[in-house]
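Chemist: The residues making up each chain are set out below.
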Amino acid sequence: MKSMPFIASFLLVSASQLAIADISTTRQTELMYLLKQDCGSCHGMTLKGGLGPALLPKTLNGKPRELLVTTILEGRTGTAMPPWKAMLTHDEAEWISVQLQQGVK
Amino acid sequence: MHRLCSVVVLFLLMPVCHARGTGDLGIVIERASGSVQVIETSTNTSLGSIDGLGDLSHASAVYSRDGRYAYVFGRDGGLTRLDILSMKIDKRVIQSGNSIGGAISQDGRLVAVSNYEPGGVKIFDASTLKLVADIPAVYGNDKQQSKVIGLVDAPGQKFIFSLWDAGEIWVADMSKADNPEITKYKDIGQNPYDALITPDGRYYIAGLFGEDGMALLDLWNLETGVKRILDGYGKGEQKLPVYKMPHLEGWAIAGNYAFVPAVGHHEVLVIDTLSWTEAGRIKVHGQPVFVMSRPDGRNIWVNFAVPDNDTLQIIDTQSLKIVKTLKPGKGVLHMEFEPRGEEVWASVRDEDRLAVFDTETFEQVTTIDAEKPSGIFMTYRAHRTGL
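Sequence order for the protein chains is W and U.
Here the working numbering is used: position 60 in the first sequence is 60, and no number is missing along the way.
Here the working numbering is used: position 207 in the second sequence is 207, and no number is missing along the way.
The following block holds chain W by itself, in its conformation from the complex:
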């Protein structure tokens, strides 16, 4: 993010807002549930970390959103983080990334 030009960050934000608009409130509820319960298995239900690292704004805000989206969809080789693309679309992963960076209540 640090090296990314300002305009690109702006575009990313806009894109994510568009994506959010496309996700129904029902699906948003499901995604939030998945985030707390299933991501929570490893990252802790309050996302303070467990076997996986903490997913709090202070640890994620410095990271490019697309990196988070890719991590969710593709997983991280060499770690226990699995790819979730069989269950989530790109937009949904992006919506989750936005929630994580804003802070999940």
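It is worth saying that the hints were derived from the structure and are not from the lab.
Virtual Cβ for every residue (Gly too), placed ideally from N, Cα, C.
Any given hint could be a false lead.
Examples of chain U residues lying across from chain W (beta carbon under 7 Å, computed) [stated by the list, open to error]:
hint, residue
1, THR45
2, GLY54
3, ASP55
4, PHE209
5, VAL226
6, LYS227
7, ILE229
8, TYR243
9, LYS244
Given the structure of chain W, go ahead and fit chain U onto it with the hints provided.
Modeler: Just chain U now, kept in the frame of chain W:
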């Protein structure tokens, strides 16, 4: 309980307080609300709940040998001693930032907790919860600290555990409680994710996430070191993403066979415990999380990771075939057999209830409301090594 007794005495003028045992009791973790429900298996009812246990995601529990106190290990580092008779928190300490599980010593006097952050094991006096020993899981030349998993008790007043980041197994001899004697086994394999001890307390086995196979330590012959078993399992196969770490705690053993979840495969592995080699694989509905034996060893019950966690499958240990598939509802997280196995309790998280099944007919006997239930722990664990 005392208050209840006084009320009874006061209003009914009964001379003695109703006393009861705890052999038919258990607790259910309600992970979202930080509470625990006390259940009773003679009549399949809930006796009430206890609040104020903090973050209980991935919580587990062990029991004092009198079966009265449950020690609950919370994700937030909380260690709580619950009096399940009076249904009160007896003592509670926050002992680390982030913990994963615990064990009680052979003599019942020590409770050990395995921690992620800071990584290591802390050992407490079981009655006072005062710290007795601190064992940081420091490894490597750079003195890093590893997350600790797979902590169990073992005969000889020992605790055994594995280091997720370091790939080591440590044995802590607590014969002298204030001066633990630690034996370290290095290079046991990449990322041990959980471990179990056989019911006789002889073998400690760690599952490896980072590579195929398992690490076996024979506690009767510690000098022979850690041996790799099931090496090369799954080699050359396309690995599936693992949506939830399997558990090994519910050691399933029947005759000379042991049953364990295969990591990243829709299979239960059958291991010959005489040779510690693979004796077969059973295709199942999804990625197994818990593979648990009915106390008599006749059947194995299996639950699954998302997105298949609405299902339970039952395997017959003679034919190694699936004899029943149940759909208790979404989010089946854990199962616990009643002490002699005629019924089994299952947590159905997403539907906020517990389901009790007859293990012969597979019929659902009853359901009980519970808030996002996860682990179920019955008091018979008090008298089993490794539970």
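Chemist: Against this structure, judge whether each hint is valid.
Modeler: Evaluated hints:
The closest approach between the C-beta of U:THR45 and any C-beta of chain W is roughly 27 Å, which is over the 7 Å cut-off, so the hint fails. The criterion of a C-beta within 7 Å of any C-beta in chain W is not met by U:GLY54, whose closest approach is roughly 10 Å, and the hint is violated. This hint holds: U:ASP55 has a C-beta 6 Å from the nearest C-beta of chain W, less than the 7 Å allowed. At its closest, the beta carbon of U:PHE209 sits 6 Å from a beta carbon of chain W; the interface hint therefore holds under the 7 Å criterion.
Hint status for U:VAL226 relative to chain W: violated, with the closest Cβ pair at about 22 Å, above 7 Å. Because the beta carbon of U:LYS227 sits about 24 Å from the nearest beta carbon in chain W, more than 7 Å, this interface hint is broken. Interface hint at U:ILE229: violated, since its Cβ lies 21 Å from the closest Cβ of chain W, which is beyond the 7 Å cut-off. Taking 7 Å as the C-beta cut-off, the interface hint given for U:TYR243 holds, the closest approach to chain W being about 6 Å.
A cut of 7 Å between beta carbons decides the hint on U:LYS244: the least distance to chain W is about 5 Å, and the hint holds.
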